[in-house]
Amino acid sequence: LAKTTQPISMDSYEGQEVNITCSHNNIATNDYITWYQQFPSQGPRFIIQGYKTKVTNEVASLFIPADRKSSTLSLPRVSLSDTAVYYCLVGDKDSGAGSYQLTFGKGTKLSVIP
Amino acid sequence: EAQVTQNPRYLITVTGKKLTVTCSQNMNHEYMSWYRQDPGLGLRQIYYSMNVEVTDKGDVPEGYKVSRKEKRNFPLILESPSPNQTSLYFCASRTLAGEETQYFGPGTRLLVL
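Top to bottom, those sequences are chains W and G. Counting from 686, one number per residue, gives the positions in the first sequence under the working numbering. Counting from 16, one number per residue, gives the positions in the second sequence under the working numbering.
It cannot be assumed that every hint is accurate.
[Claimed, not checked] Derived pair list, reagent style EDC-like, types lysine to aspartate or glutamate, alpha-carbon separation capped at 16 Å:
hint	chain 1	residue 1	chain 2	residue 2
1	G	Lys32	G	Glu94
2	W	Lys688	G	Asp74
3	W	Lys791	G	Asp53
4	G	Lys84	G	Glu45
5	G	Lys84	G	Glu68
6	W	Lys791	G	Asp74
7	G	Lys80	G	Glu68
8	W	Lys794	G	Asp53
9	W	Lys754	W	Asp716
10	W	Lys754	W	Asp767
11	W	Lys794	W	Asp752
12	G	Lys33	G	Asp74
[Stated by the list, open to error] Rough simulated footprint, nothing fancy, chain G against chain W, three-plus residues with beta-carbon under 8 Å:
hint	stretch
13	730–739
14	742–752
Rather than coming from a laboratory, the hints here were simulated on the basis of the structure. Virtual Cβ for every residue (Gly too), placed ideally from N, Cα, C.
All chains, please: the whole structure from these sequences, using the hints.
Here is the structure:
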């Protein structure tokens, strides 16, 4: 399983761009990188997913360098409602054994300050 | 509406009293999974299922059982609950084709006295 490492917490002011970096040195060739957002007492919610280079949707951007050993989630102009825990997930897609076990790390707690 | 539902949402029980938490999804997903979430430990996978009658252990399976007799349902069974199973539980599902997005249920908060 590819292990991920993220900062435990981050603070940001409203309106700023926030970048959260995740390290995944042991990422496998078939693995995708997925980010989830979780509010207190709610289930995680999908934000964005990518394999390489850059992916952008209406919520965030995901930057993945060529070696894929890290990735950066970028949230443009955060608001108070973006205060949440953000998880970086690297899929363990061992198609031979049929294993789809996914491991969440401890996530990054983002606090947006007015 | 595509969703994952869990019942009950809140449960208080006593040590040793068997309980079942139900999970159902209406998206025809092959893959279903159970997680527990504890302060400071993040989300940890308990069991997962690739399809009907196919289940496998996650990171913390001890003390839990699951079954997958129907594609839409994936109940979590605690045969003899203990206080260390007090936690917030999430069920999730996803398709095995295409993107790997998991859809999570609203959570079940369990207190074992």
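So, going through the hints one by one against the coordinates:
1. G:Lys32 / G:Glu94: 7 Å, holds
2. W:Lys688 / G:Asp74: Holds, at about 13 Å.
3. W:Lys791 / G:Asp53: 10 Å, holds
4. G:Lys84 / G:Glu45: 12 Å, holds
5. G:Lys84 / G:Glu68: Given that 16 Å is the threshold and the Cα spacing comes to 6 Å, the pair holds.
6. W:Lys791 / G:Asp74: The hint holds at about 14 Å.
7. G:Lys80 / G:Glu68: At roughly 13 Å apart (the allowed maximum being 16 Å), Glu68 of chain G and Lys80 of chain G satisfy the hint.
8. W:Lys794 / G:Asp53: The hint holds at about 15 Å.
9. W:Lys754 / W:Asp716: Within the cut-off at roughly 11 Å; holds.
10. W:Lys754 / W:Asp767: Not satisfied, since the Cα-Cα distance of roughly 26 Å exceeds 16 Å.
11. W:Lys794 / W:Asp752: Distance of about 26 Å is beyond 16 Å: violated.
12. G:Lys33 / G:Asp74: The given pair, whose Cα atoms are some 22 Å apart, is violated under the 16 Å limit.
13. 730–739: holds (count 3)
14. 742–752: violated (count 0)
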